[in-house]
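Enquirer: Residues per chain, in single letters:
Protein chains: 4
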Amino acid sequence: MNSFEKLLKIFEEFPGIGPRQARRFVYFLLSKDPQFLSSFSENIVDLKKEVAQCKECLRHFVKKGQSNDSLCSICADSGRDHSTLMVVAKDTDLAAIEKSESFEGYYFVLGGLVPILERNPERRVRANELHKAIERKAASGLKEIIFALSATNEGENTSLFLTKFLEEDTKKFDIKISHLGRGLSTGSELEYADKDTIKAALANKK
Amino acid sequence: MNSFEKLLKIFEEFPGIGPRQARRFVYFLLSKDPQFLSSFSENIVDLKKEVAQCKECLRHFVKKGQSNDSLCSICADSGRDHSTLMVVAKDTDLAAIEKSESFEGYYFVLGGLVPILERNPERRVRANELHKAIERKAASGLKEIIFALSATNEGENTSLFLTKFLEEDTKKFDIKISHLGRGLSTGSELEYADKDTIKAALANKK
Amino acid sequence: MNSFEKLLKIFEEFPGIGPRQARRFVYFLLSKDPQFLSSFSENIVDLKKEVAQCKECLRHFVKKGQSNDSLCSICADSGRDHSTLMVVAKDTDLAAIEKSESFEGYYFVLGGLVPILERNPERRVRANELHKAIERKAASGLKEIIFALSATNEGENTSLFLTKFLEEDTKKFDIKISHLGRGLSTGSELEYADKDTIKAALANKK
Amino acid sequence: MNSFEKLLKIFEEFPGIGPRQARRFVYFLLSKDPQFLSSFSENIVDLKKEVAQCKECLRHFVKKGQSNDSLCSICADSGRDHSTLMVVAKDTDLAAIEKSESFEGYYFVLGGLVPILERNPERRVRANELHKAIERKAASGLKEIIFALSATNEGENTSLFLTKFLEEDTKKFDIKISHLGRGLSTGSELEYADKDTIKAALANKK
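If you read the sequences in order, they're chains A, L, B and E. With positions in the first sequence counted from 1, the corresponding number in this note's numbering is that position plus 699. With positions in the second sequence counted from 1, the corresponding number in this note's numbering is that position plus 699. With positions in the third sequence counted from 1, the corresponding number in this note's numbering is that position plus 699. With positions in the fourth sequence counted from 1, the corresponding number in this note's numbering is that position plus 699.
One or more hints might be untrue.
The list makes no distinction among identical chains, and a pair is therefore deemed to hold if it is satisfied within one copy or across any two copies.
The calculated DSS-like cross-link candidates involving lysine-lysine, where the alpha carbons are at most 25 Å apart (straight line), are [to be verified]: (1) LYS747 with LYS708; (2) LYS904 with LYS705; (3) LYS731 with LYS894; (4) LYS894 with LYS798; (5) LYS763 with LYS798; (6) LYS748 with LYS763; (7) LYS894 with LYS748; (8) LYS798 with LYS842; (9) LYS904 with LYS863; (10) LYS789 with LYS705; (11) LYS905 with LYS894; (12) LYS904 with LYS747; (13) LYS905 with LYS875; (14) LYS754 with LYS875.
Honestly, the hints are just simulated from the structure, not real lab data.
Kindly generate the complete structure, drawing on both the sequences and the hints.
Expert: Set out below in structure tokens:
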């Protein structure tokens, strides 16, 4: 396989990209000057050097200067609420929650969700790493784990699996597990809401 | 204007129908046999005869036989919870909630929502009728009014207007006003959730 | 079935309308005043009185005043080109072609297309009526029949069936059969054009 | 700017990619192992080495082995029809036409289209290179240039500009300019076809 074909294959792996758009991407690269291509190529190599994965929450963050930080800015901030840990599927979910300025505790990034009927769920999410994080954080006062997962079948499946997987930990350290509240999300019209959403919206009425 | 043009105009008033589809509707009618057209025409006339508007909740319901019912089956059922009244915008919202089998009280249909900046909100929703219904229901133990409105700007505007409009009643009869809970609705992905939804989902965590 | 349910069924037969929108239509009618409903009902009855089907081309047209016209304005216009007859699937297709001001002959409306694998194609389109129209028009100089059908499988199937069905007529009267030209339609991008379109566009290059 | 931010900017330049998907692409890269990233990075660098631009038609092609080909396989094939030259906007258009197996002449890739109101059209398309190609090809029997451009405003604008720009050449060498035929493209429904398409379809009837 030549580089043209290899790049086609690589771009087809990108999220949401099919063969047709992959082809347009390669032709796009061919239309750019050598400087663009070497900058692109170099930044890809640099990415893993400049971006570190936080030892605690496992999210990615850009390292500052020559520093050898192993903690992201949130985990390095000892002033947040040590009693709550929010478990999210991926880095962008964490970013969405930080943007809402409504949570002050710490995070843990699962790295995915568990598909329905998956036989080895611990291979799809960082279950063991979460277990270890909980052991560490229990010492500093962890009291509640909030599963902040999408309101989809995969999200619920992941939450079921982890609740069971962490049962010993939560009992041992007396940690409560909670979930993001369900209800009408912004823009929802009642007429088109499903049973579960209406039930939750009624249960959560205020 | 001939009947062809009049029907074009009438169909263009239908919800979600533009000039092109209105035209297709008229051509569709032209393609049907006289029996279809007379049945269509007669049922339109019969509709208002066979369907009554409930005196209490103001929703529409099909009358049974020759009866002269003035109450719908829900309002006629004295066994429901007299302490709660759910206020919805339209008949189909009421139907969606009944389908969810999660509410046992009575309803009131507003007949619409109040658009932002509307100067005469009481002309857009049945505010006076709601006021009278509350006076009647207060006698039989009404304790809570639940606004079950869409999670949109119009829904919030309506709720603000009515809360103010009903202030005297709710004080006088010591009635609590509540709203459907906000949060992740079924299918919501965290990554794309807006600030308000995330805040509500966190506030409603269980 | 009461009038509410009957109207649901009727609206579900409308082109492009599913159960949910049918329901919204009935609730829409319930929200209108009696005058709107009687006007709607009456115009449906009047439609077949005021609209006639042209004896020649079989399209629908609004009758003028008390007149008992049996010909539409196009067929009644003896000044058009008697040598060409354009065969279209439906009234709206004819309207689209008239709007383009590019055809001066007469029309015939098939009333539909023949689905693939249809066993009784003559029951889906007005094949016999077309045959008779050709016999009549041959006397006044018909020399060419243009099939102006959609560039879809059903369009091609219809054209194949009719070409065969009319074989005797076209031989007897020495009438040429032609089809609308294929090629790039307005807005077509070459990159996404299929083989057949490109072949036709090349064959029709000018 | 760090590599994370630089890659965001680079991906936002990709055709059809907005800020949100650019971000997902960078996170996608972060989730891949170092081998994937170095392969990706290397293939980008190799692309310009392994892919050459044909000296004649200016399209890109993958070089075979160590060869130093300066002509693509089509331009290197002396057995094609020297009398026709097809002018296309981009490499993928050429590929679409080759796939249709309906053209046997040679190609020229413009590298784009001329936007409406562009003041320096010769900077947007390879007009001068086309002029030179025509001079060369006139010697070997070029008789017709086919503009195979999209049926859009930009396509027509480009064709107008080039026809004028090449006027001297086409006169001098007695070369005919033609355009792909317009008409119904596959799947087009007559009812929704615009005036120009219907006119062309009628003019091209067969």
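Enquirer: A separate judgement is required for each hint: does it hold in the structure or not?
Expert: Status of each hint after checking the structure:
no. : hint               : in the structure
1   : LYS747 with LYS708 : both (21 Å within a copy, 17 Å between copies)
2   : LYS904 with LYS705 : neither (54 Å within a copy, 38 Å between copies)
3   : LYS731 with LYS894 : neither (52 Å within a copy, 30 Å between copies)
4   : LYS894 with LYS798 : between (30 Å within a copy, 7 Å between copies)
5   : LYS763 with LYS798 : within (21 Å within a copy, 51 Å between copies)
6   : LYS748 with LYS763 : within (11 Å within a copy, 35 Å between copies)
7   : LYS894 with LYS748 : neither (48 Å within a copy, 32 Å between copies)
8   : LYS798 with LYS842 : within (24 Å within a copy, 38 Å between copies)
9   : LYS904 with LYS863 : between (29 Å within a copy, 19 Å between copies)
10  : LYS789 with LYS705 : between (28 Å within a copy, 21 Å between copies)
11  : LYS905 with LYS894 : both (19 Å within a copy, 19 Å between copies)
12  : LYS904 with LYS747 : neither (46 Å within a copy, 36 Å between copies)
13  : LYS905 with LYS875 : both (23 Å within a copy, 10 Å between copies)
14  : LYS754 with LYS875 : within (24 Å within a copy, 49 Å between copies)
Hint check: violations occur at hints 2, 3, 7 and 12; the rest are consistent with the structure.
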